[in-house]
Structure formats: structure tokens, C-alpha cells
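Trainee: Sequence:
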Amino acid sequence: MDITLTLAELKKKPGFADNVGMVLVHNGVVRGWSRKDHAPVTSVRVTPDRARMDAICRELEARPGIFCILAEAVEGECRPGDDLLFLVVAGDIRENVKAVFAELLDRIKAEAVIKQECTA
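Okay, so the sequence shown: first residue is 1 according to the working numbering, each after it adds one.
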């Protein structure tokens with residue numbers, strides 16, 4: 001996902017200017033160390049469940065104040081520093097957008113993306 005292009009396209013959607021006061025973006029990247037034991041990571045194999053990701057996005061998009069949610073996960077083998085997961089939540093006010101963004105991130109990672117780390 002090209003964030004600059006994605007945001008430019010989002011702003012062209014009918015109703016954007018009337019309904020959006022905040023856009024939050026997540027650009028997850030592969031860490032060079034494992035979260036569980038800080039061992040060096042050489043690669044990560046990513047398997048996204050795109051149907052589940054879409055279902056979560058549509059469910060959360062129905063929440064009050066949310067205008068649009070976009071999610072994209074890389075599939076395959078990634079190296080430290082590579083982009084892994086992009087999330088965009090656009091909505092009316094901070095309280096609505098932040099809450100949905102936090103839930104989106106947690107649910108996508110828990111329910112829709114499988115990562116297998118290869119450590120040194």
C-alpha cells in the first residue's frame with residue numbers, strides 16, 4: 001500500500017470532507033528481534049486471511065463516526081525492515097477513531113494474520 005496515494009484517494013471519496021476529522025495510519029514492519037525472547041529474526045512468513053480482515057473492517061466501519069477502514073497485509077516471506085501490515089481508519093472525532101483503530105489493530109493481528117518467525 002502506498003500510504004500517500006491511499007490517503008489522496010480516500011480524500012476524493014464523496015462525503016470525506018463532511019465526515020472526516022481524523023485519519024489514523026498503521027504501518028507495521030518486521031522487527032529484527034523476536035518479541036518473546038529478543039532473539040535475532042532473519043525472516044517472517046506471513047499468511048493473511050483476507051476474507052477475515054475484510055469482515056473485521058466492515059464490522060468496525062459500521063461503528064458511529066467511522067467513515068472508512070482500509071487494511072492490507074503482505075503475504076509470504078519478509079525480512080526485518082519490510083512492510084508487513086497497513087491499516088487506515090478515517091472518521092469524525094478522535095474518541096471514535098482511536099477506539100476503533102485500537103480494536104482493528106488488535107483483532108487483525110489476533111484473528112486474521114498468522115506470522116511465523118525464523119530466528120538465528
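For the record, the hints were derived by calculation from the structure and aren't laboratory data. Watch out, some of these pointers could steer you wrong.
What the hints assert, rightly or not - No farther apart than 30 Å at their CA atoms in a straight line, the calculated lysine-lysine pairs in the DSS-like style are these:
hint, residue 1, residue 2
1, Lys-98, Lys-11
2, Lys-11, Lys-109
3, Lys-115, Lys-36
4, Lys-109, Lys-98
5, Lys-115, Lys-12
6, Lys-12, Lys-109
7, Lys-13, Lys-109
8, Lys-13, Lys-115
9, Lys-11, Lys-36
10, Lys-98, Lys-12
11, Lys-36, Lys-98
Trainee: Are the hints correct? Go through all of them and say.
Mentor: Right, here's what the structure says about each hint:
| no. | hint | in the structure |
| --- | --- | --- |
| 1 | Lys-98 to Lys-11 | holds (19 Å) |
| 2 | Lys-11 to Lys-109 | holds (27 Å) |
| 3 | Lys-115 to Lys-36 | holds (13 Å) |
| 4 | Lys-109 to Lys-98 | holds (17 Å) |
| 5 | Lys-115 to Lys-12 | violated (34 Å) |
| 6 | Lys-12 to Lys-109 | holds (29 Å) |
| 7 | Lys-13 to Lys-109 | holds (27 Å) |
| 8 | Lys-13 to Lys-115 | violated (33 Å) |
| 9 | Lys-11 to Lys-36 | violated (39 Å) |
| 10 | Lys-98 to Lys-12 | holds (22 Å) |
| 11 | Lys-36 to Lys-98 | holds (27 Å) |
Hint check: violations occur at hints 5, 8 and 9; the rest are consistent with the structure.
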